[in-house]
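Single-letter residue listing:
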Amino acid sequence: ILNVEQSPQSLHVQEGDSTNFTCSFPSSNFYALHWYRWETAKSPEALFVMTLNGDEKKKGRISATLNTKEGYSYLYIKGSQPEDSATYLCAVGTGYSTLTFGKGTMLLVSP
Amino acid sequence: DSGVTQTPKHLITATGQRVTLRCSPRSGDLSVYWYQQSLDQGLQFLIQYYNGEERAKGNILERFSAQQFPDLHSELNLSSLELGDSALYFCASSEAYRNGELFFGEGSRLTVL
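Going down the list, the protein sequences come from chains A and B. Our numbering puts the first residue of the first sequence at 1, with every later residue one more than the last. Our numbering puts the first residue of the second sequence at 1001, with every later residue one more than the last.
One should not assume that every hint holds.
[As the list claims (entries may be wrong)] According to the in silico footprint, chain A covers these stretches of chain B (three or more CB under 8 angstroms from chain A):
(1) 1033-1043
(2) 1048-1058
(3) 1099-1113
Hints are computed from structural coordinates only; laboratory data are not their basis. Treat the numbers as computed from the prediction; the structure is a model and nothing was measured. Built from N, CA and C at the ideal position, the CB exists for glycine as well.
Given these sequences and hints, build the entire structure.
As C-alpha cells, then:
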C-alpha cells in the first residue's frame, strides 16, 4: 500500500494570507500526482494532474510544484479567500498501483 | 456537475442487510472507481473497472462486490452489513486506463443501524 502523507492536517488563515500545503510520497515508480479540492457537501474536483519532475501548474491564485526525485509536491494559494475554504486532497499513482489518496489538508479562511 | 451520477444519495438500513449502490460514469469514460470515505479516514480505494473488466483492487472486503456492465455503469454490492460499513461511498470515472483525472459523483451516504 502506497503511503501518501499530507501536512498540515488543518490550517486556519485570514483572508488575504498566502498559504501552502505539502504532499509526500515514495519516489520509486512514480507515475502521476493529482491535487483535488473538496468543498463541504460537494464532491472532490481536480485541480491539477502532474507527471513530470519539476512540473509547475497554475490556476488563478492556486499553483503546485512537483519533485518526483525527493517525493513531494507543494500546493500554494496566494491571497486566500473565504471561498478557498475546503479540504485539499493529494493522490499519487505509481507504475504498479492505482491512485492512493492522502487524508487531506482542511483549510479554513476567515473573512 | 461532473457528469457522474450516483444513486441513491442517502440510504439507511439495518445490520445484516444487503444494499446496491449504482454509478453511471461520464459519457465516454471507460474507467470506474469506487472509494469509501469513513470518519477520520481518507478516501479508501475499493476497486476499479475498465471497460467491463476488473483492473485493480484495493481494501475491499469479501462481503463487498462490484461489477461494470456493458453500458459501462457500475454497481457496488454491500452485503451482511455491519455498523462499521456506515460511510460515504464515492464513484469516480476517468477516460484513462490508469492514473487519469478522476471525475467524482456526489456520493452515496450509507447509514447502518
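Now for the hints, and whether the structure bears them out:
1. By the rule of at least three residues with a Cβ nearer than 8 angstroms to a Cβ of chain A, the coverage given for the region 1033-1043 of chain B holds, with 5 such residues.
2. Restraint check on the region 1048-1058 of chain B versus chain A: 4 residues with Cβ-Cβ distances below 8 angstroms, three needed, restraint holds.
3. Coverage of the region 1099-1113 of chain B by chain A holds [criterion: at least 3 residues with CB-CB distance below 8 angstroms; count 9].
Figure legend: structure checked against the earlier numbered hints; every hint is met.
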